[in-house]
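2 protein chains.
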Amino acid sequence: MVNDVADEVAGIAAAGTRMVLVVSAMGDTTDRLIALAGEFAEPPAPRELDQLMATGEQVSAAVLAMALTERGIEAVSLSGDQAGIEVSGEPGAAAIVRVDPGKVVARLGSAQVVVVAGFQGRDADGELLTLGRGGSDTTAVALAAALGGADCEIRTDVHGVRTADPRIVPDTRPVRTISYDTMVELAGLGARVLHPRSVELARRHGVAVRVAHSSEPGPSTVVAAGEASLEGTPRVIGIAHERDVRLVRVQVSPSGPDQYARVLATLAGSGVRPENLSWPDPGELRFTVRGSEPLGPPIGELAMELEARSTVLEELGSVSVVGTALLDPPGFLPELLRILAGHRVTVPSMTTSQTRLTAVIPADAVDTTVRALHDAFGLAEDTR
Amino acid sequence: MVNDVADEVAGIAAAGTRMVLVVSAMGDTTDRLIALAGEFAEPPAPRELDQLMATGEQVSAAVLAMALTERGIEAVSLSGDQAGIEVSGEPGAAAIVRVDPGKVVARLGSAQVVVVAGFQGRDADGELLTLGRGGSDTTAVALAAALGGADCEIRTDVHGVRTADPRIVPDTRPVRTISYDTMVELAGLGARVLHPRSVELARRHGVAVRVAHSSEPGPSTVVAAGEASLEGTPRVIGIAHERDVRLVRVQVSPSGPDQYARVLATLAGSGVRPENLSWPDPGELRFTVRGSEPLGPPIGELAMELEARSTVLEELGSVSVVGTALLDPPGFLPELLRILAGHRVTVPSMTTSQTRLTAVIPADAVDTTVRALHDAFGLAEDTR
Chain F
1 MVNDVADEVA GIAAAGTRMV LVVSAMGDTT DRLIALAGEF AEPPAPRELD QLMATGEQVS
61 AAVLAMALTE RGIEAVSLSG DQAGIEVSGE PGAAAIVRVD PGKVVARLGS AQVVVVAGFQ
121 GRDADGELLT LGRGGSDTTA VALAAALGGA DCEIRTDVHG VRTADPRIVP DTRPVRTISY
181 DTMVELAGLG ARVLHPRSVE LARRHGVAVR VAHSSEPGPS TVVAAGEASL EGTPRVIGIA
241 HERDVRLVRV QVSPSGPDQY ARVLATLAGS GVRPENLSWP DPGELRFTVR GSEPLGPPIG
301 ELAMELEARS TVLEELGSVS VVGTALLDPP GFLPELLRIL AGHRVTVPSM TTSQTRLTAV
361 IPADAVDTTV RALHDAFGLA EDTR
Chain X
1 MVNDVADEVA GIAAAGTRMV LVVSAMGDTT DRLIALAGEF AEPPAPRELD QLMATGEQVS
61 AAVLAMALTE RGIEAVSLSG DQAGIEVSGE PGAAAIVRVD PGKVVARLGS AQVVVVAGFQ
121 GRDADGELLT LGRGGSDTTA VALAAALGGA DCEIRTDVHG VRTADPRIVP DTRPVRTISY
181 DTMVELAGLG ARVLHPRSVE LARRHGVAVR VAHSSEPGPS TVVAAGEASL EGTPRVIGIA
241 HERDVRLVRV QVSPSGPDQY ARVLATLAGS GVRPENLSWP DPGELRFTVR GSEPLGPPIG
301 ELAMELEARS TVLEELGSVS VVGTALLDPP GFLPELLRIL AGHRVTVPSM TTSQTRLTAV
361 IPADAVDTTV RALHDAFGLA EDTR
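Same order as they appear, the protein sequences are chains F and X.
No gaps in the numbering here: position 325 of the first sequence is 325 in UniProt numbering, and each next residue is one more.
No gaps in the numbering here: position 337 of the second sequence is 337 in UniProt numbering, and each next residue is one more.
Not one of these hints is a red herring.
Calculated pairs, SDA-like style, for lysine to any residue (alpha carbon to alpha carbon, straight line, at most 20 Å): (1) X:K103 to F:D125; (2) X:K103 to F:E86; (3) X:K103 to F:D123; (4) F:K103 to X:G126; (5) F:K103 to X:D123; (6) F:K103 to X:E127.
In case anyone wonders, no lab produced these hints; they're calculated from the structure.
This is chain F alone, in the form it adopts within the complex (with noise of 0.2 Å):
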């Protein structure tokens, strides 16, 4: 593995073109370290957690720095804080707030490749953070912007963005550009190609991102705002889906808005995050949560506190299609409908915006969803 990825960019490298290459931990190597953490401590200080986990990406970029020296070309590696990444936040879940790009052009001044230890960073006081998930997206995206008009790629196990889940659909079509907006969508949605906190970066430094397969030729999506232009087009670029959903109705009196902050408050202090909210009827609150979340202990406190009912509908997933323009005339909600209709599929609950229509409907109903959805908007891979 970092022979391939040595190999390659020994190519790109033999053009002259300088990189900063961004590395995770190998394989096994966050596993053994939590494993060997877990030997001398239960639960191990978050702190030296830290500590020992960053050792993990900083011995993947000496090894392809010594990989790439072996090959003929200059390259040095760095740890996030020899790269000038400045984060702050608590241990295992740092943010990035800023880089100090010339610590790393310095390097491009006598090495041809610098190789930086992602997902770490150093906070104000020196000490040694790792980011949270998505933390070598991020710091990729972040250097980008840091240097400036640098290409942003990001190598994972997926070929880019597809128009639905290939495991679910046979069909799908590469997804050649896509906007940040839309990319949010998708990937807040299951088609988890690149963690949401580093496309909110790259839309904020306006870094367009480049997202392929790590070692096997194929097609790649671009994230970048060029696509906005497109903005007002209606357009549905794929089928987005999430199995293990909960359905929560809360039902409060007297209702209103003042009532349902007060919800929304006590759900946020116990650590829910509601995702698709709606309020159908006064007095009703409705909003879904993933299958990981605890549900019981912040119901019990919103009965307690705001004297509401609550009902949770379980064993849902959703569907969504994703795009631009979508409530834009002729709409493609009244298509989504039909079809839903058509293939008996009971919804009990839908939000829809302009880049996003979703529908929660029963788990099991998902993959036949997804799959008439994905044909009927006409995303299958055209094969004449």
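Assemble chain X onto chain F, guided by the hints.
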């Protein structure tokens, strides 16, 4: 091992003692990292090897801090850089130039135990470098010096210094205190308990260093200036030895200090480190060289540049009587010579100083001679 250390440190910490621990890499970590590097580059780029190797000690430090935290001790780990270890030099062979004590002192304000990754530091350009041999000992001594007034204890695989190598002599005695000078003589001559670099650093900063076994209770040795008061009293402290020694005789004509200087400059330029140097006859320079050093090329150079004729005697060793005021009357040299003669040991070369009397002898005579000297100088353990 980590748990044993953590248990012991927790016991000491229970009394309220604040501590700085310096750790090296665990078990076979260093070998595994070298093997990993070898998979991708042969030889690996020295700078990258340092970036890689430094993670070994960082892992140890984080894991020990976790284990301490698990035992209710407030502990934090620091990389060499985070601990303010400033170094200069080449990768794999850097030297500590300064320690910024503020960094560790600040940590000791909030944590009772600070665990520092040994063997590493950061240079003025922000490069991470590992220290040469003895790097962990040296880190500990440098930190003790920087913190001022701290006790320094080195835990290793022996119970301090003994009067001779216990693998050769059955009834050695522990040496309770030893001066810096004597320790350097012993360390340089095979009793490699503490690296001479760390002893030199301890002397320069007046740091008393206790050397003890890492896990077993037992005797220990304090290396300190305190013994200097005994410097005037003739005393034999121990018998050191070397096994793999070659004796080189260089004959130059015309002879004289100037010619000798040219010989030494040529040798230094070839990386040969002459030891036990003497010039017994006009025109002949005599010195020993350790077995691992390549001798052919420098001797060829001497012949070319200075028309010097050289003879190399192989399969030699050396025994040294180490102590204080060794040449003061009545002197230990006569007894040494008498013992060597009594055992019919040939002595092709001998050098003497107040702290060391060294005889170059056949390698196969080393063991019996060490035992005879240990016995004759009354160093044997008092078994009454």
